[in-house]
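*Asks:* Below are the chains, spelled out letter by letter.
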Amino acid sequence: MISDITIGQYFPGRSVVHKLDPRVKIILTAVFIVMLFTAGTFYGLGVGLLFTFVTFLLSRIPLKLMGKCLKPILPIIIFTAIINVVFITSGDKVYFEWKFLKITDEGVHTAIFMAVRIICLIAGSSLLTYTTSPIALTDAIERLLSPLKKIKVPVHELAMMMTIALRFIPTLIEETDKIISAQKARGADMETGSLIKRAKALVPILVPLFVSSFRRAEDLALAMECRCYHGGDGRTRLKQLHMSIRDLFAAVYVCVFFAGVIALNIIF
Amino acid sequence: MDSFLKAESLHFSYINDIEDPPVKTEVLKGIDLDIKKGEFVAVLGHNGSGKSTLAKCFNAINLPESGDAFVDGINTKDDDRLLDIRQKVGMVFQNPDNQIVATIVEEDVAFALENMGVAPDEIRRRVDDALKTVGMYEYREHAVHKLSGGQKQRVAIAGIIAMSPDCILLDEPTAMLDPAGRREVMKTIKMLNREKNVTIVLITHYMEEAAQADRVVVIDSGEIIIDGKPKQVFSQVQTLRNLGLDVPQVTELCFELRKAGVEIPQDIITEEECAEALYALLKE
Chain A
1 MISDITIGQY FPGRSVVHKL DPRVKIILTA VFIVMLFTAG TFYGLGVGLL
51 FTFVTFLLSR IPLKLMGKCL KPILPIIIFT AIINVVFITS GDKVYFEWKF
101 LKITDEGVHT AIFMAVRIIC LIAGSSLLTY TTSPIALTDA IERLLSPLKK
151 IKVPVHELAM MMTIALRFIP TLIEETDKII SAQKARGADM ETGSLIKRAK
201 ALVPILVPLF VSSFRRAEDL ALAMECRCYH GGDGRTRLKQ LHMSIRDLFA
251 AVYVCVFFAG VIALNIIF
Chain B
1 MDSFLKAESL HFSYINDIED PPVKTEVLKG IDLDIKKGEF VAVLGHNGSG
51 KSTLAKCFNA INLPESGDAF VDGINTKDDD RLLDIRQKVG MVFQNPDNQI
101 VATIVEEDVA FALENMGVAP DEIRRRVDDA LKTVGMYEYR EHAVHKLSGG
151 QKQRVAIAGI IAMSPDCILL DEPTAMLDPA GRREVMKTIK MLNREKNVTI
201 VLITHYMEEA AQADRVVVID SGEIIIDGKP KQVFSQVQTL RNLGLDVPQV
251 TELCFELRKA GVEIPQDIIT EEECAEALYA LLKE
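Protein chains in written order, with this note's numbering: chain A, 1 to 268; chain B, 1 to 284.
Hints in this document: simulated from the structure, not taken from any laboratory.
Check each hint, because a few of them may be wrong.
Claimed, not checked - 25 Å max Cα-Cα, derived DSS-like pairs, lysine-lysine:
1. 146(B) with 68(A)
2. 178(A) with 71(A)
3. 239(A) with 146(B)
4. 178(A) with 146(B)
All chains, full assembly: derive it from the sequences and hints.
*Replies:* Here you go:
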């Protein structure tokens, strides 16, 4: 169940997308997000959707995983869709009217539009973590933010914290599963009762999880010290980041789609 | 042979300053120990006997309260050579999950080398070597959390041997592993000791593992009680039992047989020896 969460996971591979420089990938993902919000019409959004699919295919990540990354946010998508359908009542055509409920064509359109936009957003940005190893990712963030070092922002420390957080996500998920089973075995009831009762049932799960996380943190700090960790000074890297012609092509590829979106915005 | 790790009347205390007045617990009470280069030493002792604390003293994680600890002639109090000491003496911990920093096997093995500022090409070479040594080379691009316990522990060991240390301290490295994982790790440790001449200090609860060492040191409440060859140590069955420790199963069997009046040597620590002794006994 919880182990189905794939956010932040990395799937090793040798595709073109995998081989891109992580710095370029981060920037292009940001551009992609801007692109999705620029798209004002269904045509523009269609281009965004097409981009997501083509990039997924290029990365050779099974499309099944795209579904998997969307599963946890499905409630959010449905929730926004319902809100849009119910509250946007300014359309011309009325499909359905009952008491205060009024469903119009505009409401339905906006609902679908927003849903598709969120799906593209999550699927596209998940692709970044699917195809980039966490170390490469944090390394890239460290490099991209390195100008901030001048104003004394602890960039290396932040990047290290992120590396460790990403590393421990699967471990802590596994641990949560174990604690839930252990509490269930002791008769804890987590599936029935009111919302408040269920929230209260989480306390016996969170407390041991926190305690063990602190213990893990202490162990890890010790292990890092034993391996000569002394901050970011004088560190080298196993994998040097270097940009190649491939990254230029990727940038052009994204720009073409972006231009398409803008063009469609102007035409329609 | 040269002495590599040396403790001279080493004292160490933990101070709990949350309480008022602070509570001081003396953990090591004057340890004198000399471990030679290339030796394989097993350290035994029940929980809280101070064996882990002692190991951390040889890595400059713990600094002695009084007395001295030396690593290859360097005093661990010498702050300028801290990284030298840490590079010479690697440490592997009990829980493999809590000592792996990176998500991908090879990136974790590279961690220490990156900290030491080794050039990228050299890191690549040493990471590959270390992974081949522990037999995890095929897994170099795998995600760490998908490996088995024994494999994770071997990755942790690879992360240490990539630093090419002269000595590895292992703090109950097999305690959380299943029998198969335990065998994998023990095989790796013994191979490092024999083939690469790495000094090994193995803290363990498993007497069968300690029996494979060159030397066994028994610690109880911060003092060294017995120090000798496994055969000498394990023949003192009664003393060990009084300390709350076991002896290898076969040694115990022979001990009980002797008590029952059967004439069998007392210094048996491996199954082969025991089988042979019993065979000889039955042939008579």
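*Asks:* Where does the structure disagree with the numbered hints, that is, which hint numbers, in rising order?
*Replies:* Violated hints: none at all, because every hint is consistent with the structure.
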